[in-house]
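Chains as they are written, first to last, in numbering that gives the first Met the number 0: chain A, 0 to 223; chain B, 0 to 223; chain C, 0 to 223; chain D, 0 to 223; chain E, 0 to 223; chain F, 0 to 223.
Some hints here could point you the wrong way.
Partial list, derived from the structure: chain E residues whose beta carbon lies under 8 angstroms from chain D [claimed, not checked]:
no.: 1; residue: G29
no.: 2; residue: A31
no.: 3; residue: L74
no.: 4; residue: A152
no.: 5; residue: T155
no.: 6; residue: N160
no.: 7; residue: E200
no.: 8; residue: D209
no.: 9; residue: N219
If the Cβ cut is set under 10 angstroms, some of the chain E residues that face chain A in the computed set are [what the hints assert, rightly or not]:
no.: 10; residue: L49
no.: 11; residue: R53
no.: 12; residue: P85
no.: 13; residue: V125
no.: 14; residue: P131
no.: 15; residue: V134
no.: 16; residue: T140
no.: 17; residue: W183
no.: 18; residue: I217
To spell it out: a stretch of chain F is covered by chain C in this simulated footprint if at least three of its residues, at any positions, have a beta carbon under 8 angstroms from a beta carbon of chain C; those stretches are [to be verified]:
no.: 19; region: 30–44
no.: 20; region: 139–151
Simulated from the structure, these hints should not be mistaken for laboratory data.
Predicted model, so just to flag it, every value in this text is computed and none were measured.
No residue lacks a Cβ here, since even glycine has one placed at the ideal position from N, Cα and C.
There are 6 protein chains.
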Amino acid sequence: MNRRVLVFAAHPDDEILGMGGTIARHTDAGDAVRICCVTDGSSTQYAGNLEILRQKQGEARKAAETLGVSDYVHLDLPDMRLDTLPHVDVNRVVERQIAEFQPDTVYCVQADVNLDHQAVFRSVAVATRPVPRQVVRRVLTYAPTSSTEWTPAPQTWWQPNWFVDITGTLDRKLEAFRHYRSEWRDWPHPRNDRALRVHAEHWGTVVGYDAAEPFVLIRNVEAG
Amino acid sequence: MNRRVLVFAAHPDDEILGMGGTIARHTDAGDAVRICCVTDGSSTQYAGNLEILRQKQGEARKAAETLGVSDYVHLDLPDMRLDTLPHVDVNRVVERQIAEFQPDTVYCVQADVNLDHQAVFRSVAVATRPVPRQVVRRVLTYAPTSSTEWTPAPQTWWQPNWFVDITGTLDRKLEAFRHYRSEWRDWPHPRNDRALRVHAEHWGTVVGYDAAEPFVLIRNVEAG
Amino acid sequence: MNRRVLVFAAHPDDEILGMGGTIARHTDAGDAVRICCVTDGSSTQYAGNLEILRQKQGEARKAAETLGVSDYVHLDLPDMRLDTLPHVDVNRVVERQIAEFQPDTVYCVQADVNLDHQAVFRSVAVATRPVPRQVVRRVLTYAPTSSTEWTPAPQTWWQPNWFVDITGTLDRKLEAFRHYRSEWRDWPHPRNDRALRVHAEHWGTVVGYDAAEPFVLIRNVEAG
Amino acid sequence: MNRRVLVFAAHPDDEILGMGGTIARHTDAGDAVRICCVTDGSSTQYAGNLEILRQKQGEARKAAETLGVSDYVHLDLPDMRLDTLPHVDVNRVVERQIAEFQPDTVYCVQADVNLDHQAVFRSVAVATRPVPRQVVRRVLTYAPTSSTEWTPAPQTWWQPNWFVDITGTLDRKLEAFRHYRSEWRDWPHPRNDRALRVHAEHWGTVVGYDAAEPFVLIRNVEAG
Amino acid sequence: MNRRVLVFAAHPDDEILGMGGTIARHTDAGDAVRICCVTDGSSTQYAGNLEILRQKQGEARKAAETLGVSDYVHLDLPDMRLDTLPHVDVNRVVERQIAEFQPDTVYCVQADVNLDHQAVFRSVAVATRPVPRQVVRRVLTYAPTSSTEWTPAPQTWWQPNWFVDITGTLDRKLEAFRHYRSEWRDWPHPRNDRALRVHAEHWGTVVGYDAAEPFVLIRNVEAG
Amino acid sequence: MNRRVLVFAAHPDDEILGMGGTIARHTDAGDAVRICCVTDGSSTQYAGNLEILRQKQGEARKAAETLGVSDYVHLDLPDMRLDTLPHVDVNRVVERQIAEFQPDTVYCVQADVNLDHQAVFRSVAVATRPVPRQVVRRVLTYAPTSSTEWTPAPQTWWQPNWFVDITGTLDRKLEAFRHYRSEWRDWPHPRNDRALRVHAEHWGTVVGYDAAEPFVLIRNVEAG
């Protein structure tokens, strides 16, 4: 039975860095996949620069297509400033996505050192509460590299308990990230081809495969 | 020696769902009890609807009276939006309640998946700091059902260490909640007669009684 | 695709109290299920009493059959004394079970206040390490009532993140436990018909179903 | 209503270092207090030296009497070697104490870097499980200085949530410890008059009193 | 090799209460030390009172000079209201300090019950992320007394793993705090000469010295 | 000033897998380094096989020499069976090493899923308690690959807060491990050349270097 998978990112590239290989596995399996990027991704760093805005949105779409995802929703909440919005306003957009797409599986960016990530996770936590008739049965967080690993150690709850073998899709993940020219940084920064491969191979050795991506399971409900 | 008990709720019904039976025990014992509901309880969900506002406030008072509490203070901070208020403004109303009522025991809603609950707890934590001559000697959190149990597992610190036998007051708790028509939801939602009974009996079996309510002790100071 | 499910218990009845409804779901689904009880279940409490030993083993088999499980392996490590055995000796029996049965899914009793439970979990943790070609892909812990809930709050890591709807199998769970006459205790003890029903209904309301069982996911690996 | 208080120590002096002032408060209040020291306190450090054994037991009794406790039970499990005993054997002695003394309140040494402390706590956790008709309603751990504070930071769960004002009994605590000549160490070691006073005053400032002792509440059950 | 040390405080006196003795050790060792106080320290408590503002800033400078620090930067973000500022605005001032001063070591006030402390820590966590060529190699948090110890026990991550012997500088710490007349409170409040001495001596006994200050290491990177 | 560094391993190869690059940095810096392997490393897996025993000890010495360490102490406690020894017996050998070598810095294998690792750590924790005149000022744990990463997620406290750039010594770490023919496993197992390089590069990207090793700081005391 095919899954309906909704991936929440705070910024374009979160979803590739954290789970590009897993997204490709879902599309390969025939699952319906939507990626929803909650912020505009550039308004704070490049205020008023429509050029950059368009460039980044184009990169995001191309990256998604490389992974087989055409359903890419790019919302326009202000990047790096979700903490300035009322929580209910972030809830509203997250809830609308869930109401529209009716996913059974939700992936959300890890609530890490980045406050936008925390805000998106808080709203996903609200929107996926297991009330009767909740359509979402499984919630997982993924770790966008160059963020989750930089969370202060005594505060983090990132201890992965879910792993996906991406041996067969790692190359597509790397290809997808190559579209993100604006986010590319030279090795040994985590955002480049070499670092993404090393990251996948590292997590691969952790679970006995050539390449893997790690996740934290938040909740899984097996319906009757 | 009788206690002076101040119960902080974020929304009307928090205190019944979480500790209705314990409130009745306090009033039965002759303790002075005040319930303080920090938000108006409806302004976000039913914006501008004075009818609903009055209905909910009426429900809250009747529920409190059922438990023997006539000292019910209903403040008007905006429900579901405490995160938009400066922390000092929430502190101020909490501190005023403590200054006025002079409680030795404070119960606060658990800082769970609901951001209003987190805001109220943060302010209670500030207002009850154990400075010299602090009147508050004991702080506990209670878990309003349909909220605390829906907190993401890796983030929660809800591990109850305090339990109250409510065998003798469970019926009054259920009766009190029946006043909350606006909050009632059909089983298997946690907000109805059957679910509240199951909840109390479950926690009862945990500690060897017919019915119980769970709490987390934040701090207790035994004065000389 | 059918699963191969291996359930590790320390004592007869652990598996019914903690996950009887889920076991029945697995057998209903056509999954291959083995239950392995690691200790003899009575040698410490009823030393030298072969009568009791046979009675309890008979109860265990009947309970398992009620859930559709005929593959019940009863080992004879000394009950309440696993802490006196070398860790490698417990590892050996656990590893042999896994080597023989080749499960993809392992359920283990939660490492709670009971030291036998801790010992079994420690060995399951070793035996299911995700080395290359590890057959076990998923490890979960279940909470036998009258044990996990009695773990000291500041030490426990029991925060369930996995839930199974057992609406359709709760009756069979209760029927299975009725075979355990030697373990039955009167309400409000957790080991009787009424308490097991309350427990299941409580966890049901937590996730929006009539009845459920809670688990902690230790590790899940999605193979390519 | 007077309490029945049972204090478990692993070694003579644990109870003075950790809660001497609180013990004196209990006896002042007319509570029935028993101290039970689980190990002989010297067999490993001073093997075969009966002289030392008698000296330490004498010190322990005099210290207890200074605090108003004549009911001092000195068991003879091997000190520094509780990890070599079967868990059930430690359980047995702890359970017998509880059966005999029928305490409503139990204090246990914190499960810290000292393995004997962990063993005693494990058995207290078992013996005080909240089964129906459990007489023990409250379980707290105390921190013997020169042990709990030396636990590796990432492993400890020592975060005190319970404090007792010992302004009126600190002098008696110091007097009691003076009997422990064999355990006295020069400042800045924690086991001497000056260090014990500093410790009490430090915890006093934490909660607004001249002197205090910290505890962790494990469980409190308020009966109906 | 001398260090470049940047100390972030939220309010004037945080740095003295938490690490005055350690600051003096750094200046004694010839390290370059800057203290940066992020808020004006009085605008909320004494709104519009320029007199107080100047008094407190004068106290802060004199206290710093007593410890050998002339590089005291007093920013003017609103005290007790950092939660009302966009996170990026706090980031900006923290990042500017780091860019200007080029520290290898950063001390930050602990993210405790005080929300301003949490806000400063969040921004320090962002500004010190270990990207390639990050100048900051070591990040520690310190605990300003009358704040960190009052954090609700179940929420705090204050478990010190780093200690500094301040036997030789304790007197200067006390002298420095004497300049803070506006913050002085009578014993047993933690903000006075006696309490600061007790605090230092308490932590001294924890690690075997006459006086010490505790810290939590957030991250240390040993460069090649 | 040169350091005196004592590295505790439970089994030969722990120290190379976890911190081979850091050991080489210490010897390059002129620090005195001793490696102490607490178990014989083969008696359980290869009982009675003296050949293997000698082979493994030879491998260990050659590996150590490759890193510049000639002071390699190989004790003979039984491998995979430290849980069967009295805690005081493991303490004794650890304490003797510290008394003899007088290290200021101790590295210990992480207390992870391997019970021998837990036993060694427990004894190191006892032997390095910060009593007055304790010579050990710094204690860190390292993570031997193919062990620490396989610890059940909800139990582990492995959250590294200390990182060492091993760009300059990675090649020597790999060369050292090549001596361990008996422990080599094919990729994607973590014990081979490729996996060790991936591991080091992964942790390198986490902190901005080409290669790094991660640690957890247990305690650091800066003496006056």
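Taking the hints in turn, this is what the structure says about them:
Given the 8 angstroms rule on beta carbons, the hint for G29(E) is violated: about 27 angstroms separates it from the nearest Cβ of chain D. Proximity of A31(E) to chain D is violated relative to the hint, the smallest CB-CB distance being about 29 angstroms (cut-off 8 angstroms). Nearest Cβ of chain D to the Cβ of L74(E): about 30 angstroms, over the 8 angstroms cut. The hint is violated. Because the closest C-beta pair between A152(E) and chain D is about 4 angstroms apart, less than 8 angstroms, the hint holds.
For T155(E), the interface hint holds, the least distance from its beta-carbon to any beta-carbon of chain D being 6 angstroms, beneath 8 angstroms. For N160(E), the suggested interface contact is upheld, since its CB lies about 4 angstroms from the closest CB of chain D, less than 8 angstroms. Annotation: E200(E) was flagged as interfacial toward chain D, and the flag holds, the nearest CB pair being 5 angstroms apart, inside 8 angstroms. A cut of 8 angstroms between beta carbons decides the hint on D209(E): the least distance to chain D is about 5 angstroms, and the hint holds.
The beta carbon of N219(E) comes no nearer than 15 angstroms to any beta carbon in chain D, farther than 8 angstroms, and the hint placing it at the interface is violated. About 29 angstroms separates the beta-carbon of L49(E) from the nearest beta-carbon of chain A, more than 10 angstroms, and the hint is not met. The criterion of a C-beta within 10 angstroms of any C-beta in chain A is not met by R53(E), whose closest approach is roughly 32 angstroms, and the hint is violated. The beta carbon of P85(E) is positioned within 10 angstroms of a beta carbon in chain A (closest approach about 5 angstroms), and the interface hint is therefore held.
The closest approach between the C-beta of V125(E) and any C-beta of chain A is roughly 6 angstroms, which is under the 10 angstroms cut-off, so the hint is satisfied. Hint on P131(E) holds. Least Cβ distance to chain A is approximately 5 angstroms, under the 10 angstroms limit. Given hint, V134(E) at the interface with chain A, is violated; its Cβ is 15 angstroms from that chain's nearest Cβ, farther than 10 angstroms. Contact between T140(E) and chain A, as hinted, is supported at the beta carbon level, the nearest pair being about 9 angstroms apart and thus within 10 angstroms.
Among the interface hints, the one on W183(E) is violated; its C-beta lies about 31 angstroms from the nearest C-beta in chain A, farther than the 10 angstroms criterion. Taken as an interface hint, I217(E) checks out: its beta carbon lies about 5 angstroms from the nearest beta carbon of chain A, inside 10 angstroms. Only residues whose C-beta sits within less than 8 angstroms of a C-beta in chain C count toward coverage, and the region 30–44 of chain F has 1 of them, not enough to reach three; the restraint is violated. For a cut-off of 8 angstroms, the count of residues in the region 139–151 of chain F with a CB near a CB of chain C stands at 4, and the three-residue condition holds.
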